[in-house]
Amino acid sequence: MFEAILLTVSMAATPLLLAAIGELVVERSGVLNLGVEGMMIMGAVTGFGVALMTGNPFLGALAAIIVGALFSLLFAFLTLTLVTNQVATGLALTLLGLGLSGMVGESFVGQPGVRLPRLDVPFLSELPIVGRLVFSQDLIFYVSVFLTIGVAWFLFYTKAGLTLRSVGDNHASAHALGIKVVRIRYLAVLFGGACAGLAGAHLSLVYVPQWVENMTAGRGWIALALVVFASWRPLRVLAGAYLFGAVSIGQLHAQALGIGIPSQLLSALPYIATIVVLVLISRNRRLTMVNTPASLGRPFVPDR
Amino acid sequence: MKNTLLALAASAAVLIPAVASAQDDPTKACFIYVGPIGDFGWSYQHHQGLLEAEEHFGDKLETAYLESVPEGADAERAIERFARSGCDIIFTTSFGYMDPTNKIAARFPDVKFEHATGYKRESENVATYNSKFHEGRYVQGVIAAKMSEAGVAGYIASFPIPEVVMGINAFLLGAQSVNPDFQVKVVWANTWFDPAKEADAATALIDQGVDIITQHTDSTGPMQVAADRGIKAFGQASDMIEFGKETQLTSIIDDWGPYYIERIQAVIDGTWEQHDVWEGMAEGHVVMAPYTNMPDDVKALAEETEAKIKSGEFDPFTGPIKKQDGSDWLAEGEVAEEGVLLGLNFYVQGVDDQLPQ
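Chains as they are written, first to last, in the numbering used here: chain A, 1 to 304; chain B, 1 to 357.
It cannot be assumed that every hint is accurate.
Stated by the list, open to error - Just a few of them, taken from the derived set where beta-carbon distance is under 7 angstroms, the chain A residues facing chain B:
| no. | residue |
| --- | --- |
| 1 | Ala-4 |
| 2 | Gly-102 |
| 3 | Met-103 |
| 4 | Ser-107 |
| 5 | Leu-252 |
| 6 | Gln-255 |
| 7 | Ala-256 |
| 8 | Gly-258 |
| 9 | Ser-263 |
Stated by the list, open to error - Restricting the straight-line Cα-Cα distance to at most 25 angstroms, the calculated cross-link-like pairs of lysine to any residue (SDA-like) are:
| no. | chain 1 | residue 1 | chain 2 | residue 2 |
| --- | --- | --- | --- | --- |
| 10 | B | Lys-323 | A | Tyr-142 |
| 11 | A | Lys-159 | A | His-175 |
| 12 | B | Lys-322 | A | Met-53 |
| 13 | B | Lys-245 | A | Gln-264 |
| 14 | B | Lys-245 | A | Arg-115 |
| 15 | B | Lys-245 | A | Pro-112 |
| 16 | B | Lys-323 | A | Pro-262 |
| 17 | B | Lys-245 | A | Thr-54 |
| 18 | B | Lys-323 | B | Phe-159 |
| 19 | B | Lys-322 | A | Ile-259 |
| 20 | B | Lys-323 | A | Gln-264 |
| 21 | B | Lys-245 | A | Asn-56 |
| 22 | B | Lys-146 | A | Thr-54 |
| 23 | B | Lys-245 | A | Met-53 |
| 24 | B | Lys-323 | A | Gly-258 |
| 25 | B | Lys-245 | A | Leu-280 |
| 26 | B | Lys-322 | A | Asn-56 |
| 27 | B | Lys-322 | A | Leu-257 |
| 28 | B | Lys-245 | A | Phe-108 |
Please keep in mind that the hints were generated in silico from the structure rather than gathered at the bench.
Model, not experiment: these values are computed from the prediction.
Note that the Cβ used here is the ideal one computed from N, Cα and C, for glycine as well.
So that you can see chain B by itself, here it is in the shape it has in the complex:
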């Protein structure tokens, strides 16, 4: 039933031309979002990037977007429609758009395609991009270990994909750098977006004694529960301070604007080339929301950690690091290879959970 519904919803999705232009031949950038732009999380932030680009280019740029496009066959139709309607560059912003993007790209060699969080670039006109969110998670871990009295944080996770596992590991490594005995309890919500279920997960974790909540799901539900119960929490994807003025310690903000502007500029200049970028704090793609609700020394430590990661002086995945079962992963001073991280499927030592396989 639900699948039928989603399929219907996709065909009912409306193409929205956002800016009409007076100039002769404006460049047209098109975006495909997996969620509604009102999710106040992942898709919302991508849309903020679109708005930033619009503001930057003015009437040199024409944009269009489709929201709530299900991953899979419907995505293929949506991407093809964009490719046919004169888009010069198409951003497909979810992991599940990977195969449809490559398939359509092969048929429209003159259109540039940018796929977020994927790894397949089967034709010359497909580029991929992603952000190092785990850098922010490491900083959060440092803060969590300083702020927690129980020594245990609750982690609401979505799906056991490398991206999420990387986040849990980075968070715990950050925490262990302050308190070697720090623990993380993980609850898998098995959804990216269900405010009520995420809130329930937060409640369950708090009832079991955690006093810091962090999440890798997209809604503000957990933040509100944490605020209600008087403990601290971290926001996700966007600044959620409005939902926990006394609760949010900081939040990882995805800032896609600079990247979108850079890539659209490349199309205008005719210098666009295929690439695969994975950038983080240093490039301004991962931004920390203001550090709030914490003592000055914790804030100073967080800022110091952030600065070290930003300058490239320190990488969150620097050895010695042991795997969950106690075996060695990285030796002293060794830094994890990007390829390994992007396929990460194991926990580091100290995670109180079994990774779903």
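Extracted from the complex, chain A is given alone in its bound form:
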């Protein structure tokens, strides 16, 4: 029972973690991309469609990554090259994604999908509790965990990571030092798009292997909130995603057990938890200042 709950929690947390870790890198480079939901849903429809047509879910996941990145390229071109407003462009990207995915996916509605297989590690997967949880998951779960650790290492222990953070903190100084601000931001946005695409593929290839319009149902927005929740620290994103997953699964179990708490309150719990943590974090102003990318959302025009 406990193991089963943990499994469901990891299932619920994985797409949030993936999308959030991608967005974290984007925001660390000083760009605010509100189009996560749109990129996710494009990833979901692409992953499902390609898996259905080729019969190979791995190709589906790969295609979702590529389409997610391509979709974010549109955002990058508009905001970084044409210097449009990032908030408006991000919102537009979400709307475009929701509409476009519905159109592309019209013929996939009502068709059962292909599930991404679980990868069993021999012997280890038979261990009690952790066996099934850690050594017998789908590929995307492993990617999400290793990617988080990789991003943490990259941002804080490599020179390239330092460069990326410097671009996010003060793009004018970084530019003066000869750092290619726009190029780095392009790469960060592409990475974010790829992650969001894969997060979408997790939904349509692992979580519920099917395609229906609007199936991301707001998870892109939760991922955005998680980044702030985690004060732009990768390992805290991991903790936040699993906390959010745990609360949202836990409340379903509480209901099924017949615990006499109103279900509306239980459903709101994950969001209440997020708000409480945000309030606690923002009380410590210095900590917030240190971690917030100072140039977040500010446009950059190179030749000045």
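Please build the complex by placing chain B on the supplied structure of chain A, with the hints as guidance.
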């Protein structure tokens, strides 16, 4: 943030003329949907009704529809746009369109309005219609009690409105007619449509020992989980057999086509009148998907129950029925009044849940 997004989405929604006509003055029927037509559930079925009407009338009918229109102020704009664009009859297909529909109807007396699942008819040109889905739920309950070994079914519910409460009660009454000790565990998803969350709810219920899943939310998520875990489940709103070939026992299918054809015909003939209909199996508005994945005796019992409800011989809410707290509701042989059912806000005995108020 999400509200802004929805508002933007609504203004971006595109008016889609579906059929252009060669004839002089075709009747124009317009539809407003709350979800995408690709939800494979509620809005999908309404759209199937539109398509059926198109096929029936050919070029005598022109149609238009708007999908994913949020309930509230945006709906008012959408309905008004339709009223101005020459629609003769406008179907607004969600509970939350009730006030906007009545407001616009008062200003366009020549246009006919049909509001689904509501109860307000403030001007002469507003009619309301709904279906007795609970009749199908009763049949499902009968099947569930026959098929379940655990004696407990899991019920994924959306919002605590009378419609949903009625469904839970009818399901349990059906089950208790076979096994008086049958229980229902209810999980409120607090959404009509979130495939992943609905799937999580199904997983939670199965982990707690239910071996039949039924749902009053709109996606195929729970069906897939049930299929994965090797238990049986009921579909919702449309035939979901493709998602659980070995899993789906049956499904309640909303068939709006006949009603839409009838009402559009009335507009063409000039005989349209305000009314309030609440029809079910007898009129063909509630259809059961084929009974599958069950032994023949269960199938026979289900068919027999369905036939009894259809012929009017039996009503799911026939006494004796006790409320959840054990007090009497309906006496022996007494049938619940429609007015009470449409405002139902309590459980019958045996529901393992507290109704959110």
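Each hint tested on the structure:
1. Ala-4: Holds, about 5 angstroms.
2. Gly-102: Check passed: Cβ of Gly-102 of chain A comes within 6 angstroms of chain B, closer than 7 angstroms.
3. Met-103: Violated, because the Cβ-Cβ distance from Met-103 of chain A to chain B comes to roughly 9 angstroms (cut-off 7 angstroms).
4. Ser-107: violated, 10 angstroms
5. Leu-252: holds, 4 angstroms
6. Gln-255: holds, 5 angstroms
7. Ala-256: Since the shortest Cβ distance to chain B is 5 angstroms, the answer is holds.
8. Gly-258: holds, 5 angstroms
9. Ser-263: holds, 4 angstroms
10. B:Lys-323 with A:Tyr-142: violated, 50 angstroms
11. A:Lys-159 with A:His-175: holds, 16 angstroms
12. B:Lys-322 with A:Met-53: violated, 53 angstroms
13. B:Lys-245 with A:Gln-264: violated, 34 angstroms
14. B:Lys-245 with A:Arg-115: holds, 16 angstroms
15. B:Lys-245 with A:Pro-112: holds, 10 angstroms
16. B:Lys-323 with A:Pro-262: Answer holds: Lys-323 of chain B to Pro-262 of chain A is near 20 angstroms, not above 25 angstroms.
17. B:Lys-245 with A:Thr-54: holds, 22 angstroms
18. B:Lys-323 with B:Phe-159: Status holds; Cα separation ~20 angstroms.
19. B:Lys-322 with A:Ile-259: The hint holds at about 23 angstroms.
20. B:Lys-323 with A:Gln-264: holds, 23 angstroms
21. B:Lys-245 with A:Asn-56: OK: Lys-245 of chain B and Asn-56 of chain A at ~21 angstroms, within 25 angstroms.
22. B:Lys-146 with A:Thr-54: violated, 41 angstroms
23. B:Lys-245 with A:Met-53: holds, 21 angstroms
24. B:Lys-323 with A:Gly-258: With a Cα-Cα distance of about 18 angstroms, the restraint between Lys-323 of chain B and Gly-258 of chain A holds, given a limit of 25 angstroms.
25. B:Lys-245 with A:Leu-280: At roughly 50 angstroms apart (the allowed maximum being 25 angstroms), Leu-280 of chain A and Lys-245 of chain B break the hint.
26. B:Lys-322 with A:Asn-56: It is violated: about 54 angstroms lies between the C-alpha atoms, which goes past 25 angstroms.
27. B:Lys-322 with A:Leu-257: holds, 23 angstroms
28. B:Lys-245 with A:Phe-108: holds, 18 angstroms
In summary, the structure is inconsistent with hints 3, 4, 10, 12, 13, 22, 25 and 26 from the numbered list given earlier, while agreeing with the others.
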